[in-house]
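Trainee: Given next are the chains, with one letter for each unit.
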Amino acid sequence: MLWALAQASLSADSEIQKAIKWAVQKLLSLENSRNDALHAPYRLVHDEERGPTMVANELTGNKRAANLSGRDLGVELESYQKNVTAVADYLWEVVRRLSVSGNALAIGRFGEMPPPPSLPKPAQAMTRKHPKSK
Amino acid sequence: MDDDPEFDEVTLTKLTEIMELTGDAEALGHVSLAWTRVHEIMAMLFGQLLRPVPEERAYAIWHSI
Numbered sequence: 001m002l003w004a005l006a007q008a009s010l011s012a013d014s015e016i017q018k019a020i021k022w023a024v025q026k027l028l029s030l031e032n033s034r035n036d037a038l039h040a041p042y043r044l045v046h047d048e049e050r051g052p053t054m055v056a057n058e059l060t061g062n063k064r065a066a067n068l069s070g071r072d073l074g075v076e077l078e079s080y081q082k083n084v085t086a087v088a089d090y091l092w093e094v095v096r097r098l099s100v101s102g103n104a105l106a107i108g109r110f111g112e113m114p115p116p117p118s119l120p121k122p123a124q125a126m127t128r129k130h131p132k133s134k
Numbered sequence: 135m136d137d138d139p140e141f142d143e144v145t146l147t148k149l150t151e152i153m154e155l156t157g158d159a160e161a162l163g164h165v166s167l168a169w170t171r172v173h174e175i176m177a178m179l180f181g182q183l184l185r186p187v188p189e190e191r192a193y194a195i196w197h198s199i
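Each protein sequence line maps, in turn, to chains A and B.
35 is the number that the working numbering gives to position 35 of the first sequence; each next residue is one higher, with no gaps.
182 is the number that the working numbering gives to position 48 of the second sequence; each next residue is one higher, with no gaps.
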């Protein structure tokens with residue numbers, strides 16, 4: 001809905017439209033990770049190094065739990081939170097500039113938008129295996 | 135019950151488990167809050183792009199879906 005409005009309201013080469021397009025695309029991919037994290041069933045296991053540990057319960061056959069298979073939940077969640085926050089901060093910069101200008105078409109008067117932030121993947125999370133139950 | 139060492143061990147184990155789960159639950163909460171924040175910002179942006187439509191009407195449209 002936001003992207004449709006941005007397309008209808010702004011020229012294709014405007015800084016604001018480019019920023020919104022970038023954010024919407026990133027959020028679409030982050031949404032799946034977010035849903036995996038928040039909707040997967042979990043179980044408690046005992047890890048030899050870390051003690052009691054919460055892991056996605058893929059034994060249920062749940063697809064979202066399967067997507068988290070073999071990943072370190074803590075690293076995943078921290079990564080999701082940081083990446084979503086980075087997108088939010090970038091969009092907040094758009095809101096701030098629009099608030100100052102009072103007009104989306106006048107955004108050029110206030111300089112170009114900074115480049116979008118990088119959103120690193122939780123590489124560490126991909127390498128760690130499930131802790132084994134005792 | 136304080137003198138029962140078995141009870142203390144069980145209690146300690148349970149408390150340790152709760153502490154571990156609290157950290158994971160907190161992390162899940164942070165993800166949820168971050169997601170809520172980005173949606174609030176998108177709602178504000180939606181309102182700005184819809185100007186001169188009053189903000190309350192823009193938010194009514196945004197939150198209807």
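In case anyone wonders, no lab produced these hints; they're calculated from the structure.
A few of these clues could be false.
Sample of chain B residues at the chain A side, in silico, Cβ under 8 Å [as the list claims (entries may be wrong)]: (1) 151; (2) 178; (3) 182; (4) 183.
Result set (EDC-like, lysine to aspartate or glutamate): computed pairs, CA atoms no more than 20 Å apart in a straight line [claimed, not checked]: (5) A:82 <-> A:47; (6) B:148 <-> A:47; (7) A:26 <-> B:151; (8) A:82 <-> B:190; (9) A:63 <-> A:15.
All C-beta atoms in this analysis are idealised placements derived from N, C-alpha and C, irrespective of residue type, glycine included.
Trainee: Please go over all the hints and tell whether each is borne out by the structure.
Mentor: For each hint, the structure was consulted:
no.	hint	in the structure
1	151	holds (4 Å)
2	178	holds (5 Å)
3	182	holds (5 Å)
4	183	holds (5 Å)
5	A:82 <-> A:47	violated (26 Å)
6	B:148 <-> A:47	holds (15 Å)
7	A:26 <-> B:151	violated (35 Å)
8	A:82 <-> B:190	violated (30 Å)
9	A:63 <-> A:15	violated (38 Å)
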